[in-house]
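Undergrad: These are the residues of each chain, in order.
Protein chains: 4
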Amino acid sequence: MKKTKAFADILGIVQEITEKIPFNQVLGLTVESLDLDHPSVRLTMQPQLIGNFIRGSLHGGVISSTLDFMGGLVAFLGVLKTMQGQPLQVMAERFARIGTIDLRVDYLRPGIGSHFIATGYVLRTGKKVSVTRMELHNDERQLIAVGTGAYTVA
Amino acid sequence: MKKTKAFADILGIVQEITEKIPFNQVLGLTVESLDLDHPSVRLTMQPQLIGNFIRGSLHGGVISSTLDFMGGLVAFLGVLKTMQGQPLQVMAERFARIGTIDLRVDYLRPGIGSHFIATGYVLRTGKKVSVTRMELHNDERQLIAVGTGAYTVA
Amino acid sequence: MKKTKAFADILGIVQEITEKIPFNQVLGLTVESLDLDHPSVRLTMQPQLIGNFIRGSLHGGVISSTLDFMGGLVAFLGVLKTMQGQPLQVMAERFARIGTIDLRVDYLRPGIGSHFIATGYVLRTGKKVSVTRMELHNDERQLIAVGTGAYTVA
Amino acid sequence: MKKTKAFADILGIVQEITEKIPFNQVLGLTVESLDLDHPSVRLTMQPQLIGNFIRGSLHGGVISSTLDFMGGLVAFLGVLKTMQGQPLQVMAERFARIGTIDLRVDYLRPGIGSHFIATGYVLRTGKKVSVTRMELHNDERQLIAVGTGAYTVA
Chain A
1 MKKTKAFADI LGIVQEITEK IPFNQVLGLT VESLDLDHPS VRLTMQPQLI
51 GNFIRGSLHG GVISSTLDFM GGLVAFLGVL KTMQGQPLQV MAERFARIGT
101 IDLRVDYLRP GIGSHFIATG YVLRTGKKVS VTRMELHNDE RQLIAVGTGA
151 YTVA
Chain B
1 MKKTKAFADI LGIVQEITEK IPFNQVLGLT VESLDLDHPS VRLTMQPQLI
51 GNFIRGSLHG GVISSTLDFM GGLVAFLGVL KTMQGQPLQV MAERFARIGT
101 IDLRVDYLRP GIGSHFIATG YVLRTGKKVS VTRMELHNDE RQLIAVGTGA
151 YTVA
Chain C
1 MKKTKAFADI LGIVQEITEK IPFNQVLGLT VESLDLDHPS VRLTMQPQLI
51 GNFIRGSLHG GVISSTLDFM GGLVAFLGVL KTMQGQPLQV MAERFARIGT
101 IDLRVDYLRP GIGSHFIATG YVLRTGKKVS VTRMELHNDE RQLIAVGTGA
151 YTVA
Chain D
1 MKKTKAFADI LGIVQEITEK IPFNQVLGLT VESLDLDHPS VRLTMQPQLI
51 GNFIRGSLHG GVISSTLDFM GGLVAFLGVL KTMQGQPLQV MAERFARIGT
101 IDLRVDYLRP GIGSHFIATG YVLRTGKKVS VTRMELHNDE RQLIAVGTGA
151 YTVA
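Just so you know, the sequences run in chain order A, B, C and D. For the first sequence, this note's numbering begins at 1 and goes up steadily by one. For the second sequence, this note's numbering begins at 1 and goes up steadily by one. For the third sequence, this note's numbering begins at 1 and goes up steadily by one. For the fourth sequence, this note's numbering begins at 1 and goes up steadily by one.
Do not take every clue at face value.
What the hints assert, rightly or not - Some chain C residues close to chain A (C-beta under 10 Å, calculated; not the full set):
1. Thr30
2. Leu34
3. His38
4. Ala150
Said to hold, decoys possible - DSS-like mimics (lysine-lysine), calculated; alpha carbons at most 25 Å apart, straight line:
5. D:Lys128 - B:Lys128
6. C:Lys81 - C:Lys5
7. C:Lys128 - A:Lys81
8. D:Lys81 - B:Lys81
9. A:Lys128 - C:Lys127
10. D:Lys81 - D:Lys128
11. C:Lys128 - C:Lys81
12. D:Lys5 - D:Lys81
13. D:Lys81 - D:Lys20
14. B:Lys127 - D:Lys20
15. B:Lys20 - B:Lys5
16. A:Lys128 - C:Lys81
17. C:Lys127 - C:Lys81
18. D:Lys128 - B:Lys127
19. B:Lys5 - B:Lys81
20. C:Lys81 - C:Lys20
21. B:Lys81 - B:Lys128
22. B:Lys127 - B:Lys81
23. B:Lys128 - D:Lys5
24. D:Lys127 - D:Lys81
25. A:Lys81 - A:Lys5
26. C:Lys5 - A:Lys127
27. B:Lys20 - B:Lys81
28. A:Lys20 - A:Lys5
29. C:Lys20 - C:Lys5
30. C:Lys127 - A:Lys127
31. D:Lys20 - B:Lys128
32. A:Lys81 - A:Lys128
33. A:Lys81 - A:Lys127
34. C:Lys128 - A:Lys128
35. D:Lys5 - D:Lys20
36. A:Lys81 - A:Lys20
It is worth saying that the hints were derived from the structure and are not from the lab. Predicted model only: the values in this text are computed from it and were never measured. Beta carbons are placed, not taken as given, at the ideal position from N, Cα and C, and that holds for glycine.
Use the sequences and the hints to build the structure in full.
TA: Following this line, the structure appears as structure tokens:
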């Protein structure tokens with residue numbers, strides 16, 4: 001897809017907002033890629049993210065927070081694909097309207113690693129609701145957790 | 001149920017551990033009640049927990065983190081009911097083995113309020129797996145979110 | 001709530017359609033009550049609904065089918081409460097638009113019994129999406145399974 | 001993996017039981033492949049499986065039933081991979097112990113088609129619990145629904 005200036009701008013805004021959301025800063029989430037088909041977000045291990053002393057593993061809530069955020073991002077990028085040629089303002093308003101309806105998280109392995117990469121893809125982009133799948137791998141490419149979410153997109 | 005000393009001790013340990021888990025401290029989770037049938041946990045609004053600037057509402061991940069923690073606590077208290085008369089050490093080991101298998105969260109209203117109360121109850125206490133339902137209300141008793149979780153208990 | 005003739009009519013239509021849906025007939029689902037706050041549906045055990053020979057218990061899919069149907073019914077009745085005074089045709093069109101977005105089912109006990117009662121309630125009635133909780137009990141009032149669903153309502 | 005005679009026998013038993021389960025017969029489920037890594041099950045459209053007259057589409061419960069069955073099958077085949085060299089009886093007993101803990105189904109498109117193929121894969125094979133993802137496509141390879149399930153495997 002050829003990217004217009006508005007397209008480049010909206011991706012800049014998405015990245016900026018992502019990293020300015022207060023709780024995303026607590027988590028230390030940073031955008032790795034806003035490729036429309038293969039976006040990814042990085043989570044760096046920090047002592048305050050630990051849920052289990054003994055194992056030194058991530059709190060389950062850190063994992064669900066990251067997957068929830070990733071799902072919303074994936075849902076928005078899916079919508080964005082259908083908005084080519086639209087003005088920046090319209091795209092930005094659409095971003096502001098993304099909201100999680102529900103989320104399922106499956107915890108597969110303890111969240112142990114120096115950093116983690118969240119990825120995701122859209123299962124369905126609807127006019128009102130999008131459905132996404134998300135995955136979290138650690139720095140050894142082990143699958144730590146997966147998620148499925150439904151998001152309002154309008 | 002008549003509470004033995006070991007029982008009082010395990011509840012003290014649960015409260016202490018709960019409030020010492022690093023990410024629970026980030027969230028500011030505190031135990032309100034460890035009543036075996038009606039436990040509750042308090043989450044106090046803080047600027048760093050915000051997910052949506054404009055609304056000033058909780059990040060979805062704060063909500064899922066709180067409900068996930070609550071589900072594990074409820075699952076453990078359900079198991080504890082079946083452990084009367086057992087030594088403290090055995091009960092504490094059981095607590096350490098609680099783990100989330102999976103979690104569903106339904107986001108019903110924006111997480112707006114000065115504080116929030118998470119409650120929950122057991123749907124089924126099994127030998128290997130327990131299933132729980134959780135709810136999060138704000139300080140005006142509005143239902144913000146609900147969850148359902150499956151937890152390993154052995 | 002005072003019920004208009006259109007209201008009585010729509011409930012008649014809902015009952016008729018419910019029991020005419022081909023797969024509901026296979027399941028043998030019948031409406032017990034269309035009370036707006038406490039609707040219930042009955043499932044009668046039949047040999048063809050068995051999933052486990054040895055136990056003689058319901059197939060998991062019979063349970064999920066029943067809870068899914070119940071969730072949609074509960075979602076519609078929740079919407080109906082907001083439609084008082086509207087013409088029958090408008091209410092009927094709304095019924096036709098109910099659809100399941102996603103569903104979680106937790107299987108708590110084997111589905112053993114002569115019959116089963118599904119109940120449910122709305123957690124949130126939205127303009128676009130409603131969220132419901134459902135429960136299935138057997139004839140001894142044992143809780144067999146619970147569900148949570150998100151439904152499109154517009 | 002080299003298949004022993006016991007291995008071939010257990011797959012024969014799995015196929016036979018699958019197609020003899022009363023409610024699977026109602027659904028008309030047949031095993032397409034028991035390849036350990038890429039199993040698949042076929043669902044043939046029949047008038048009695050309809051949930052929506054107007055569209056002529058599958059009842060949501062037919063979809064959840066099929067995905068639930070598929071998840072259990074995938075979970076068992078995942079366990080079977082770890083049981084090489086064990087006697088038939090031990091493998092058969094393991095099959096009998098598979099049970100659904102919980103299931104999430106996301107309905108993406110109306111279930112329209114002459115037949116449908118369910119596939120699935122294991123996300124995690126545990127000693128007690130396995131987690132699987134499932135998908136249902138129609139005869140035009142459109143993705144109709146996906147699922148995620150947790151299954152007891154011991």
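Undergrad: Taking the hints in turn, state whether each one holds.
TA: Now the hints, each set against the structure:
1. Taking 10 Å as the C-beta cut-off, the interface hint given for Thr30 of chain C is violated, the closest approach to chain A being about 30 Å.
2. Restraint check, Leu34 of chain C versus chain A: the minimum CB separation of about 26 Å is more than 10 Å; hint violated.
3. Taken as an interface hint, His38 of chain C does not check out: its beta carbon lies about 24 Å from the nearest beta carbon of chain A, beyond 10 Å.
4. The beta carbon of Ala150 of chain C is positioned within 10 Å of a beta carbon in chain A (closest approach about 5 Å), and the interface hint is therefore held.
5. Proposed proximity of Lys128 of chain D and Lys128 of chain B is supported: the alpha carbons are some 8 Å apart, at most 25 Å.
6. Using a Cα cut-off of 25 Å, the hinted pair Lys81 of chain C and Lys5 of chain C holds, with the two alpha carbons roughly 14 Å apart.
7. At most 25 Å may separate the alpha-carbon atoms for a hinted pair to count; Lys128 of chain C and Lys81 of chain A meet this at roughly 23 Å.
8. Pair hint Lys81 of chain D plus Lys81 of chain B does not hold up; C-alpha atoms about 38 Å apart against a cutoff of 25 Å.
9. In summary, the hint linking Lys128 of chain A to Lys127 of chain C is supported, as the alpha carbons are separated by about 11 Å, within the 25 Å threshold.
10. About 15 Å separates the Cα atoms of Lys81 of chain D and Lys128 of chain D, which keeps this hinted pair within 25 Å; it holds.
11. A distance of roughly 15 Å separates the Cα atoms of Lys128 of chain C and Lys81 of chain C; the hinted pair therefore holds under the 25 Å criterion.
12. In summary, the hint linking Lys5 of chain D to Lys81 of chain D is supported, as the alpha carbons are separated by about 14 Å, within the 25 Å threshold.
13. For the hint pairing Lys81 of chain D with Lys20 of chain D, the CA-to-CA distance comes to about 24 Å; that is within 25 Å, so the pair holds.
14. Distance restraint check for Lys127 of chain B and Lys20 of chain D: the Cα-Cα separation of roughly 30 Å exceeds the 25 Å cut-off, and the hinted pair is therefore not satisfied.
15. A threshold of 25 Å between alpha carbons decides the hint, and for Lys20 of chain B with Lys5 of chain B the separation of about 22 Å falls inside it, so the pair holds.
16. Straight-line distance between C-alpha atoms of Lys128 of chain A and Lys81 of chain C comes to about 23 Å, which keeps the hinted pair within the 25 Å bound.
17. Using a Cα cut-off of 25 Å, the hinted pair Lys127 of chain C and Lys81 of chain C holds, with the two alpha carbons roughly 13 Å apart.
18. Distance check on the hinted pair: Lys128 of chain D and Lys127 of chain B sit about 11 Å apart at the alpha-carbon level, within 25 Å; holds.
19. The hinted pair formed by Lys5 of chain B and Lys81 of chain B meets the criterion: a straight-line CA distance of about 14 Å does not exceed 25 Å.
20. Restraint check: the Cα-Cα separation between Lys81 of chain C and Lys20 of chain C comes to about 24 Å, which is no more than 25 Å; the hinted pair holds.
21. For the hint pairing Lys81 of chain B with Lys128 of chain B, the CA-to-CA distance comes to about 15 Å; that is within 25 Å, so the pair holds.
22. Pair hint Lys127 of chain B plus Lys81 of chain B holds up; C-alpha atoms about 13 Å apart against a cutoff of 25 Å.
23. Between the alpha carbons of Lys128 of chain B and Lys5 of chain D the distance comes to roughly 33 Å, so the proposed pair goes past 25 Å and is violated.
24. Pair hint Lys127 of chain D plus Lys81 of chain D holds up; C-alpha atoms about 13 Å apart against a cutoff of 25 Å.
25. Taken as a hint, the Lys81 of chain A and Lys5 of chain A pair is honoured in the structure, with Cα atoms around 14 Å apart against an allowance of 25 Å.
26. For the suggested pair Lys5 of chain C and Lys127 of chain A, the alpha carbons sit about 35 Å apart, so the restraint of at most 25 Å is broken.
27. Restraint check for Lys20 of chain B and Lys81 of chain B: satisfied, since their Cα atoms lie roughly 24 Å apart, inside the 25 Å limit.
28. The hinted pair formed by Lys20 of chain A and Lys5 of chain A meets the criterion: a straight-line CA distance of about 23 Å does not exceed 25 Å.
29. Between Lys20 of chain C and Lys5 of chain C the alpha-carbon distance is near 23 Å, which keeps this suggested pair within the 25 Å criterion.
30. Using a Cα cut-off of 25 Å, the hinted pair Lys127 of chain C and Lys127 of chain A holds, with the two alpha carbons roughly 14 Å apart.
31. With a CA separation close to 30 Å, the supplied pair Lys20 of chain D and Lys128 of chain B exceeds the 25 Å bound.
32. Distance restraint check for Lys81 of chain A and Lys128 of chain A: the Cα-Cα separation of roughly 15 Å lies within the 25 Å cut-off, and the hinted pair is therefore satisfied.
33. With a CA separation close to 13 Å, the supplied pair Lys81 of chain A and Lys127 of chain A stays within the 25 Å bound.
34. Note on Lys128 of chain C and Lys128 of chain A: the hinted pairing holds, with a Cα-Cα distance of about 8 Å set against a maximum of 25 Å.
35. This hinted pair checks out: Lys5 of chain D and Lys20 of chain D have alpha carbons roughly 23 Å apart, not beyond 25 Å.
36. Restraint check for Lys81 of chain A and Lys20 of chain A: satisfied, since their Cα atoms lie roughly 24 Å apart, inside the 25 Å limit.
Violated hints, in rising order: 1, 2, 3, 8, 14, 23, 26 and 31; the structure is consistent with all others.
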